[in-house]
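Let the sequences and hints guide you as you build the complete structure.
Taking the working numbering, the leading residue of the sequence shown gets -13, the next gets one more, and so forth.
No lab work stands behind these hints, which were simulated from the structure alone. Careful: at least some of the hints might be erroneous.
Stated by the list, open to error - Listed next, with one range per pair, are the computed distances between beta-carbon atoms:
#, residue 1, residue 2, range
1, Glu153, His94, 39 to 49 Å
2, Arg38, Arg100, 38 to 48 Å
3, Asp97, Ser34, 26 to 36 Å
4, Val53, Glu223, 47 to 57 Å
5, Glu9, Glu169, 34 to 44 Å
6, Thr156, Trp49, 52 to 62 Å
7, Gln180, Ala219, 15 to 25 Å
Beta carbons are placed, not taken as given, at the ideal position from N, Cα and C, and that holds for glycine.
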Amino acid sequence: MSLAQPGGNGHTAAWEGPDFRSERLVIARRRLGMNQGELASLLGVDQSTVSRLERGEMQNPPWKLVVQACQHLQLEPHALMMNQRSPETHTCRPLSIVRARVSHHFLHLGDFSRLPEMLHYCLHDMGCVRPTVVGVSLLLFNWPNAATRQFYAHWQAGQVSFAERQEKETLSPPVARLRQLWERGESSYRHGRQELVGWNPALVIDLPTTHGMVGLDFSEEETLESDTDDWAAKMAETFEKGLALAGERHGRHESEDMREIMARLTALEQRLA
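Here it is, written out as structure tokens:
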């Protein structure tokens, strides 16, 4: 299917470019707990138009309609385009877009105390280009303190839910297993995330990084994708670099705090002398 975009003369022209991934509209709509009628109402069209659009039955669907649907579904239009001829480094590829955005969050919010906030933004941005991503997690085993930190963000009932935990001694069985895999530098593939009660995504991938495991949770539609492993590996690499930046900032902050303490002690000693 091609898309219809406005031409230079004001007329609508067909764009014979990337294939139109109409099924991702369905995934994104269901993720938000929205039905076809509700989306049709937001778009100002009848439900049959939405149904045809989602089934890929519309010939040259208007670009304006596609963009508006994406806005209401929190979806990046590029997520609907699949062009195998584009090089992997193409700046308009969904993977390139989301890696840049995740890196941006770590660059501007890269502080350990703001990891839950960053996970929210990262999950939202990943879901915008790949709606099958329904959760993201960080299990940090090698952070500057001795605690095992766990951060989770996942879609639930149309909204992003959060969970944060800290374990210092005996780890729960699922976390202990992930730590063993991390120590061996191995990835984990499974169904459901046992660390969170009641959270059962169809596919869970945890990948080792320097500080711990980066986890990505997918809906069942991800099983139809052919690039899952490559996509997850590249996202883990992006998180790896972001966590390294956060670690550097943590170290600098501790050094600055120590210098301030020493300066105050020196000033106190001088007053007492």
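Contradicted hints - numbers only = 1, 3 and 4
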